[in-house]
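Chains as they are written, first to last, in the working numbering: chain V, 189 to 530; chain U, 189 to 530; chain E, 189 to 530; chain C, 189 to 530.
These are computed hints drawn from the structure, not numbers from a lab. Take these hints with a grain of salt, some might be off.
A pair counts as met if it fits within one copy or between any two copies, since identical chains are not told apart.
[To be verified] Below, simulated SDA-like cross-link-like pairs (lysine to any residue); rule was C-alpha separation at most 25 Å, straight line:
(1) K192 to E215
(2) K372 to A227
(3) K372 to S226
(4) K372 to L211
(5) K449 to A355
Number of protein chains: 4
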Amino acid sequence: MTVKIAVAGASGYAGGELLRLLLTHPEVEIGALTAASSAGTTLGTHQPHLVPLAGRVLLETNAETLAGHDVVFLALPHGHSAEIAAQLGPDVLVVDLGADHRLADAGDWRRWYSGEHAGQWPYGMPELPGAREKLVGTKRIAVPGCFPTGGSLALAPALAAGLIEPAVTVVSVTGTSGAGKSLKPNLLGSEVMGNASAYGVAGAHRHTPEFVQNLSGAAGKPVTVSFTPVLAPMPRGILTTASAQLVGDVDEAAARAVYEKAYHAEPFVQVLPEGTWPTTAATVGSNNVQLQLGIDADAGRLVVVTSIDNLTKGTAGGAVQSMNLALGFPEATGLSTVGVAP
Amino acid sequence: MTVKIAVAGASGYAGGELLRLLLTHPEVEIGALTAASSAGTTLGTHQPHLVPLAGRVLLETNAETLAGHDVVFLALPHGHSAEIAAQLGPDVLVVDLGADHRLADAGDWRRWYSGEHAGQWPYGMPELPGAREKLVGTKRIAVPGCFPTGGSLALAPALAAGLIEPAVTVVSVTGTSGAGKSLKPNLLGSEVMGNASAYGVAGAHRHTPEFVQNLSGAAGKPVTVSFTPVLAPMPRGILTTASAQLVGDVDEAAARAVYEKAYHAEPFVQVLPEGTWPTTAATVGSNNVQLQLGIDADAGRLVVVTSIDNLTKGTAGGAVQSMNLALGFPEATGLSTVGVAP
Amino acid sequence: MTVKIAVAGASGYAGGELLRLLLTHPEVEIGALTAASSAGTTLGTHQPHLVPLAGRVLLETNAETLAGHDVVFLALPHGHSAEIAAQLGPDVLVVDLGADHRLADAGDWRRWYSGEHAGQWPYGMPELPGAREKLVGTKRIAVPGCFPTGGSLALAPALAAGLIEPAVTVVSVTGTSGAGKSLKPNLLGSEVMGNASAYGVAGAHRHTPEFVQNLSGAAGKPVTVSFTPVLAPMPRGILTTASAQLVGDVDEAAARAVYEKAYHAEPFVQVLPEGTWPTTAATVGSNNVQLQLGIDADAGRLVVVTSIDNLTKGTAGGAVQSMNLALGFPEATGLSTVGVAP
Amino acid sequence: MTVKIAVAGASGYAGGELLRLLLTHPEVEIGALTAASSAGTTLGTHQPHLVPLAGRVLLETNAETLAGHDVVFLALPHGHSAEIAAQLGPDVLVVDLGADHRLADAGDWRRWYSGEHAGQWPYGMPELPGAREKLVGTKRIAVPGCFPTGGSLALAPALAAGLIEPAVTVVSVTGTSGAGKSLKPNLLGSEVMGNASAYGVAGAHRHTPEFVQNLSGAAGKPVTVSFTPVLAPMPRGILTTASAQLVGDVDEAAARAVYEKAYHAEPFVQVLPEGTWPTTAATVGSNNVQLQLGIDADAGRLVVVTSIDNLTKGTAGGAVQSMNLALGFPEATGLSTVGVAP
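Okay, chain V solo, but in the shape it has when bound:
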């Protein structure tokens, strides 16, 4: 069975990564590619690495150009997905890589994004408890944010098992592609190289409510999340350091057992051998989550480190994984556990 897919936002980094993956997906035919201000130009102008599609002309993003496809991926700024999605039929699988359909709570949406809440869709992180089942056969998928991907998978098992207090600290070091192609001075190469900087500090980043939602769900009770993203001089990758106070005496073997049980059947999560810590480089281009944990006995905390490729598992790979579940393809189709390093 071949499905015909369209990508709205094909000139951006998320759109480009989607197309990179879909070009190797055996069940997919690539249909319309659309853009906003870049409509009318060729894809090759924006994505010179996607050689087989270089001559494709970008169409405008609207209900007409996206019609006639089995799957529509929306890689659009927040607020735009909901509007387009409303115009696509109920039989079309709509995969939203933006934020519009991630949050359950309308109040959260208004606080963090303003405007009307578009409602919540099945959440594309199958590794969370209960999430995979909701993706099977669905026609609507909300792809997780890149930070909540690396951070939620770091802490959900420990919270679900009651190993840690429901008050967690997360610092995520990210490459620059997560910020997209926005022409902002602080994203210029001259500013980024040789530089590390924090932003959205002290609970100011929009991914915070998504963290809270995921981790509270895993814990079965409200969890507070102190989240800080740090911009580092690399194009791809998120390295997350997450920690929380231990509940009672937990040794490393017990903690490791919890994580191995949670993830042993997952195709894309690797609990690394003892003594090996994750690196973002090892995940580049793959759909992997690499994870290691330790017990800081002096501080009484569990510390978990994860690495992902923010564009693959953190965005486009997660989207394809969920699409596979929705359409009944083997979950790993078109995705790789092999990174491109060095």
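Chain V is fixed; fit chains U, E and C onto it per the hints.
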């Protein structure tokens, strides 16, 4: 008054940075430069940026070559400083850039470094309460570690003022020069570029007891520190994100007032204007500590971010600042508040 | 038909890239993986991105461990391949990624590498005139050097067509992985980042005779090559700027026609649309050569720029492409024209 | 004697580097700082590394704000300097860091920049034959372009001595700050990191006529220049590889003697010891030009490599050096031969 200085370990990064600063110090004459395996080669081979000293031949590191100087800087692997220092006279100002004389507690020393404890010297972080006075006129200085510099200055005022609980979380993103010129595979450019990785996780990094010592001193009671260093693809810089649970209701204005009071007279610490967050690039080559703070009301935490140049304020600049105090020079002599960017 | 392959030198960058490609090759079964000093450790220790092979234990490199395979890839320091190859049977396809079997002239070999010349094997750059045919059915392949790949393809068509004088200038900007995992101070991340440097200048680089051999072959007469490699702060990629004096009046359209004719049927060489210049980022992980040319009328020179991934088309991808020809598989099997960017 | 200076274009990279240097210049008082669209904001917003000037408010760039200064530096886009300069009195020293007053030939100006030629001013590269004398006491200085700085100093001595043919090839690998703070997609960190790319190829870069002018002047006859700039992933630095066919038999010792004679008295040009090749990292923040040469006997070419910091010697440092000559200060005042590395 001109003092004659020697640098042991002149071929390394700390030694090179010391010489860069001392070349502009108006009260200093640069005497012997020594090294271990590089003895007999010219400084220019190792430090091609130090043009005025390029032809200087490196001597062996021993009591004879270091004799006859007013100040001896020791930029040596831990365990070596103590041995050399014991052979230098009591009238020589000895400035140890290594770890040998930082820790007060002999048990801590044995646990983290093994071997015999060499004793504690006055600690070269004048911005900590009570530290500056001990440096005036001293003949022995223990230069702080690079991570404890950015991290202790981030949290000491809040702990001293009782704003936060004595259980803190610190994640520090560091450039690679902090690891020195060790020929390890994970420090190769091919491995480092495009990569972020954590190491010494879960209380395993040797700077942890120094953090605990500094912050417990500031708090006046034991403080636990969960510290994680993250290696990022840049040569210099440490960006520290530090946080802790608030004690009672503290708003941002109150927290800011505490920090401004602590640092307003400090020549090298800048509490940035509201809304501006530190970047490591802005501190490169300067002796500055840039600092910003925020209150995460949802998580109930104070979050403080600092940036430093690990080789300057974090190592060699801190050493020169303390030397100035010890010798009675104006504290900022030979140091700059102007960075080299981009 | 499935062939069983072995990789000698599996812990290095060339070996790692080979395995990355072979993992997706549908006709290949991965057999013995061998190493020198790393024998006995797991592949995951050295290549954490090759998750499906992480647990494989590295064997010693010798005739016994390499026996019983249909194809043996040798990713070894120069001088070692010839010795091992001599012990492998004539029915085994031996693919040498090192320099031992590239040069035709024994005098050249002695001058540039010293020691005994092992003889020349069919040369794995099918895009050169006459090269593809010699690879079909061969049992011995000499994989080209990374610099000669990008540089020879830049100039061979113009020399073959007599557009330029047989005296060419080539400057190639390379990522650091071309230098392998050697633990040399100048390859440390702290030294490489923020830095560009030339090496092997003024005809001192060992790839020079290979350039001369390839380009003289294309021209049908002796060609002199002034080659300079420049090390740049990136893990992968070679950007080559090649130029030569024009013979008579040649306009850009005529020069373009020569290149389009030479490469229009090549699966991995893209002559880019006018006005678009190659970038190394667009080729990362792919087997592509991107090429653009211009006429500098004032200087009377043809200027050609190419980009490749030094580990893929420049090493391991070129090796797989040639293996495919040797074994009768479609030439592009297991290789991609899609890069991983940004 | 203290002079009062103004900087037009203080929010850009050239303006920032000027201020970094002038802050340490003992004879200078920093007056008006002006900008275009950033007028009204503080300097600290744009140049967070210039801590002592962080609170300075940027004025509009016009004749009124620039009046009342002894020296006015113009770090403006081409075409703007001439207009402003015409409104400044003849007693004011005007230092133009842009292109407006570099070219002697009005036809060249129109071809490369279009619009009316503003005339030529004394050229701020004192190391060129005859240039220093014209700078002493002048009231108008045209600061050289960054590429012609590294490239002209590489070849001028050989051309003046008749060692090489008057047809030269120059490839310059540059950091990104040379492109300024323009918000262009190809200058984003995500695009720049891990990437090398050529631009302005085949005689299309505007610095070409400046090269031709400088080198023809040195040779005493017309010189053709094939110039290609390559963008590399680093903020600062230009590494230039320049070569040309030798005239007759020239050995390395003879060539070296020519360069040592040309530069032995120059405060900022270092002909490196044999076997040592320039790196851009060694020059960062300094006003140095590091240079090495070799003879490629097989190709019959002289190859010269130079490294500079494009913002220091290549722009702002060159400007201060020439200002010193114009005002009668020691030439090296406020400039350093010590770089910031790693």
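- request: Give the relationship of K372 and A227 under a CA distance limit of 25 Å: within one copy only, between copies only, both, or neither.
  value: Close inside one copy (22 Å) and across copies (18 Å); limit 25 Å.
message: With identical chains, the pair K192 and E215 could be close in the same copy or across copies; at 25 Å between alpha carbons, which is it: within, between, both, or neither?
response: within (9 Å within a copy, 28 Å between copies)
message: As a check of your reading, is K372 near S226 (CA-CA no more than 25 Å) within one copy, between copies, both or neither?
response: For K372 and S226, both the intra-copy (18 Å) and inter-copy (14 Å) Cα distances are at most 25 Å.
- request: Have a look at K372 and L211 and pick one of within, between, both or neither, based on CA distance no larger than 25 Å.
  value: Neither: 31 Å inside a chain and 28 Å across chains, both beyond 25 Å.
query: Given a CA cutoff of 25 Å, do K449 and A355 count as a within-copy pair, a between-copy pair, both, or neither?
result: within (23 Å within a copy, 30 Å between copies)
Hint compliance for this structure: hint 4 alone is broken.
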